[in-house]
Amino acid sequence: MNTAFSPAHAERLFPRLWMLVGGIMALGAVARLGMWVAYAGASRGPELLGPVLLQGARYDLVAGAICALLVGLLTAPVWLSGRHGQAVRGAQWLLVALLLLFALLAVCEHFYYGFYKTRFDPIVFGMFEDDTGAILQTVWDDYPVIPGVVALVLGGALLGWGVPRVGRWLGARWPTGSARWAQVLLLVVQCLLLLLLARGTVSTFPLVRRDVTVSADPFVNALVLNAPLTLYRAARIRAKETDIATDPLVGVHRLGFGSLEQAAAAAGLPSGDPGRIRSALFPVAPGQPRTVAQSPHVVVGLLESFGQDLLYTDGPGNDLLGRLRGELEHGYQFDNFIAGQNGTHPTLEHLLLGTPITPLANGRNARLAFDTSAALPFKRAGYRTAFLYGGGSDWRELGTALPQQGFDQVYDARDIRKRFPAAHGTDWGLYDAYLFRFAQELLTQADARGERLFLVLLTTTNHPPFELDTPHPDLPLDPDRLGPRALDDKAELRKMLATYQYQADEFGGFLQQLRQGPLGERTLVAAAGDHNLRSHYRYDLPAEQVDVDRVFAYLRVPAAYAPPGEGPDVRAFAGHGDLIPTLVSLALPGERYFATGRNLWERPTDGGQALAQYERLYTREGVLFPLVGPKLHAWRDPRHIAAEGRMPDAASVARVQRTAAGVALRDWYIREQVLRLRR
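The opening residue of the sequence shown carries number 11 in the numbering used here; numbering runs sequentially from there.
One should not assume that every hint holds.
Derived pair list, reagent style SDA-like, types lysine to any residue, alpha-carbon separation capped at 25 Å [to be verified]: (1) Lys500 - Gly44; (2) Lys389 - Gly460; (3) Lys500 - Gln523; (4) Lys500 - Ala572; (5) Lys389 - Ser289; (6) Lys428 - Ser403; (7) Lys505 - Arg54; (8) Lys389 - Tyr122; (9) Lys641 - Ser289; (10) Lys505 - Gly124; (11) Lys428 - Ala391; (12) Lys428 - Gly44; (13) Lys641 - Tyr49; (14) Lys505 - Gly527; (15) Lys389 - Phe430; (16) Lys641 - Trp150; (17) Lys500 - Ser545; (18) Lys505 - His263; (19) Lys389 - Ala572; (20) Lys641 - His263; (21) Lys641 - Pro599; (22) Lys389 - Pro489; (23) Lys641 - Glu625; (24) Lys641 - Ala572.
So the derived label-pair ranges between C-beta atoms look like this [unchecked claim]: (25) Ala167 - Pro431: 16 to 26 Å; (26) Arg246 - Asp151: 48 to 58 Å; (27) Ile156 - Arg581: 40 to 50 Å; (28) Gly32 - Arg649: 42 to 52 Å; (29) Glu271 - Ala39: 43 to 53 Å; (30) Gly336 - Asp257: 30 to 40 Å; (31) Leu378 - Arg424: 51 to 61 Å.
None of these hints come from the bench; they were simulated from the model.
Think of the CB as a built atom: it goes at the ideal place given N, C-alpha and C, for glycine as much as any other residue.
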C-alpha cells in the first residue's frame, strides 16, 4: 500500500466534505418549508418564502462549511499518515452523524416553536435545571417520539447505504490536476472556499445577526437561521444573561447606552451618580406607616399557564371559570395584562427579584441575598413571609435560593402531603385543590397568632401532561368553541381545557372562602398567569402575538385598604412588574421597594405600558420591538397587530428609550450586586 501523501488523494476526501455541505443545505431548506407550512398561516403569501430560502441558504452554507472543516480536521491526522481508506470511511460516518444531528435539531425546534412560539431561546436549556424526568414524560406523552426514532434510524440506514455510493460516484468525476502544482492548487482552493463559506462572506465582516432581516415581518425573519445556529445563539444569549462576568455595564451597553450616565439621563434621572441611581431604584410607598395589627395579609398567586386568550371562548357550554366567575365582581380583572417572561421560572424571578437577568438565583448565586427581593419590604414591616409550591422545592433550587431572599419558609409538596396525606397530583406537583387548602390554613394560623402573612404561591396542575383525576365540579367543556385555529386533536384539547377550568375553579374557591370568612376583609390578593397555555392554538405571528403574551390577572383589595378614587384602569396595559409595587403601595405605606413598575391603583393617562420578555413594549399605539431599533406594529383590533412594523414617531421612540434605560439600570444594579456579594 502506498502510504505517501499526495495532493491527488484529496479527490477521495473532498467529495464527501462537499456532500456534507449540500446535505445540510437540503435539510435546512426542508426545515424552513416545514415551519412555513405549519406556522405561517394563510395570510402570508408565497412571495415571502423565496427571500427566506435564499438568505437561509447562506446560513446553511455557513453551517455546512463549518461541519465540513470539522470533519476535515478530525480526519486529517489519519489522512496525513497515509491511511486514506480509513480517513474516507471515518469522514463518511461523521457525515452521516452530522446530518442526522442537524435533522434531529430541526425536528426538535419545529415542535419547540409550536409550544413556545419562538425558535430555540435560552429557555431550551431549562430542561437540565428543571424536573428532567417530568419533561421527558411530557415529551413522551405529547409528541411522536416512537415515529421520530424510527424515522431517525431509517434515515441513518439510508445515509449509511447511500453516502459511500454517492461518494464513490462523485470521486470518479471530481476534478483533478495532472500536474502536482494543479493538484496542490485544487486542494488549496477548496480549503479556502470552505473557510470563506464558514465565514459567510468575502467582505470585511462575516455574516452577522442583522443579515436575518429579509422582511418587515418578524415571523419571516425568524425562519432564516437554521436550528444549530439558533441553538448557538440561544447559548450565547444565556451565557450573557447568566454569566455576570466582571463588568456590571454589560446590559447597559447591550441596550444601546454608552455609559451609566447616558442610561440615567434617558430614564429621566437628574444624575448618573451610582448612589443617586440606587436611590431612584428604591422609591418609598407614599403614606403613613401602619402597625402590623393594622396591616393586611398579602397573597400573590402565580397561576400556571393561565393565558387570557382561552377566556374569550368562555360561555354557556364551555365554562372555563367555575367558581372564579362569581369572584371576579369582587375585585378587578385586568384586560391587558402582559406576561413579563415566557416561562415559569423566568417569570418568578422577574416577579420576585425584578431581574432582567434570568436564571439568576441558581448555582453559585442561589446562596446570594438580593436586596431587590419582593419579600423584603414585608419582612421589614414585621410580616411573616412564605412561599408555597405544589412541586418539590429542589426545582430550580427554590428551597436554597428563596430563604436567602427574605422568605421565612418555603413550603412544597412534602409539607402539603404531611397535612393532607391523600394529596396526589402529576409529575409536576400536587393538584391545586390541596395547595389552596394549605394556603388557607397558613393564613388562618398566621391570623390566629396575630401575625401578618406575605404568601407567594405557585400552582402546577395546568401544565402538560394535563392530567386530572381529582374530584371537581362537573362543568361543561366544548373544544369546538376554540375555532379553526385550535389543534385538531379534540381529546387533547379537552384535557387542556379541563386543567385550565380546574385551576380557575380552585382559585375561585380559594377566593370565595376568603371572602366569606373573617379573613376576607384583611387580605389583599393579586394573581396572574405566569404565561400563556401555548399548545392549544396555531398562532399567526406576529399578528396574534398579543394572544401569546396576554395572561389572566386579578386584584382584590378589601375596602379598608382601598385608597380613595376610581380604582385601577383595568383596560390599561400592565404586567408582572407592576404587582409588587402595587401591593407594597396598598399594604405598606412608608416602605421602600424595588421599582419594577407602577402602582396599578393609579390610573395612567397614556393607556399604560407593559414589557414582554424585555423585548416587546405594549402601548396604546401598538407594540414596539425590539428595544434597540424598534419598529411599531400598530393595532389592527384589540387582539391583532400589524404583521409588518413601521418607523415609530418621536414620542414612541422616546418611550422605548425610557423603558430600555430603566431595564438597563436594573440590569446594572443586579450585576453590581452579584459582583459585590461574591467578593
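Evaluated hints:
The suggested pairing of lysine 500 with glycine 44 holds, with an alpha-carbon distance near 23 Å, which does not exceed 25 Å. Note on lysine 389 and glycine 460: the hinted pairing holds, with a Cα-Cα distance of about 15 Å set against a maximum of 25 Å. Distance check on the hinted pair: lysine 500 and glutamine 523 sit about 34 Å apart at the alpha-carbon level, beyond 25 Å; violated. Distance hint between lysine 500 and alanine 572 is unfulfilled; the C-alpha atoms sit about 44 Å from each other, more than 25 Å.
For the suggested pair lysine 389 and serine 289, the alpha carbons sit about 20 Å apart, so the restraint of at most 25 Å is met. Proximity of lysine 428 to serine 403 is assessed by CA-CA distance (about 15 Å); at most 25 Å being required, the pair is judged to hold. Pair hint lysine 505 plus arginine 54 does not hold up; C-alpha atoms about 31 Å apart against a cutoff of 25 Å. Among the hinted pairs, lysine 389 with tyrosine 122 is inconsistent with the structure: their alpha-carbon atoms are about 40 Å apart, more than 25 Å.
Between lysine 641 and serine 289 the alpha-carbon distance is near 32 Å, which puts this suggested pair outside the 25 Å criterion. About 18 Å separates the Cα atoms of lysine 505 and glycine 124, which keeps this hinted pair within 25 Å; it holds. This hinted pair does not check out: lysine 428 and alanine 391 have alpha carbons roughly 30 Å apart, beyond 25 Å. Proposed proximity of lysine 428 and glycine 44 is contradicted: the alpha carbons are some 49 Å apart, above 25 Å.
A threshold of 25 Å between alpha carbons decides the hint, and for lysine 641 with tyrosine 49 the separation of about 22 Å falls inside it, so the pair holds. Only pairs whose Cα atoms come within 25 Å are accepted, and lysine 505 paired with glycine 527 is rejected, the gap being roughly 33 Å. Note on lysine 389 and phenylalanine 430: the hinted pairing is violated, with a Cα-Cα distance of about 28 Å set against a maximum of 25 Å. Straight-line distance between C-alpha atoms of lysine 641 and tryptophan 150 comes to about 40 Å, which puts the hinted pair past the 25 Å bound.
With a C-alpha separation of about 13 Å, the suggested pair lysine 500 and serine 545 falls inside the 25 Å cut-off, and the hint holds. With a C-alpha separation of about 46 Å, the suggested pair lysine 505 and histidine 263 falls outside the 25 Å cut-off, and the hint is violated. A threshold of 25 Å between alpha carbons decides the hint, and for lysine 389 with alanine 572 the separation of about 22 Å falls inside it, so the pair holds. Of the supplied pair hints, the one linking lysine 641 and histidine 263 holds, its CA atoms being roughly 20 Å apart against a limit of 25 Å.
As the CA atoms of lysine 641 and proline 599 are separated by approximately 39 Å, the hinted pair breaks the 25 Å bound. A C-alpha spacing of about 45 Å is found between lysine 389 and proline 489, which places the hinted pair above 25 Å, so the restraint is violated. For the given pair, lysine 641 sits about 11 Å from glutamate 625 by alpha-carbon distance, which is consistent with the 25 Å threshold. At roughly 39 Å between alpha-carbon atoms, lysine 641 and alanine 572 are farther apart than 25 Å, so this suggested pair is violated.
Evaluation of the 16 to 26 Å hint for alanine 167 and proline 431 yields a failure: the beta carbon distance comes to about 52 Å. Here the CB-CB span from arginine 246 to aspartate 151 is close to 32 Å, at odds with the stated 48 to 58 Å. Taking 40 to 50 Å as the suggested C-beta distance range, the pair isoleucine 156 and arginine 581 conforms, at roughly 48 Å. Range check, glycine 32 to arginine 649: about 44 Å between beta-carbon atoms, so the 42 to 52 Å window is met.
At roughly 48 Å, the beta carbons of glutamate 271 and alanine 39 sit within the given window of 43 to 53 Å. Range check, glycine 336 to aspartate 257: Cβ separation about 53 Å, and the 30 to 40 Å hint is violated. Distance hint check: the CB atoms of leucine 378 and arginine 424 are about 25 Å apart, inconsistent with the given range 51 to 61 Å.
Hint violations for this structure: numbers 3, 4, 7, 8, 9, 11, 12, 14, 15, 16, 18, 21, 22, 24, 25, 26, 30 and 31, all remaining hints satisfied.
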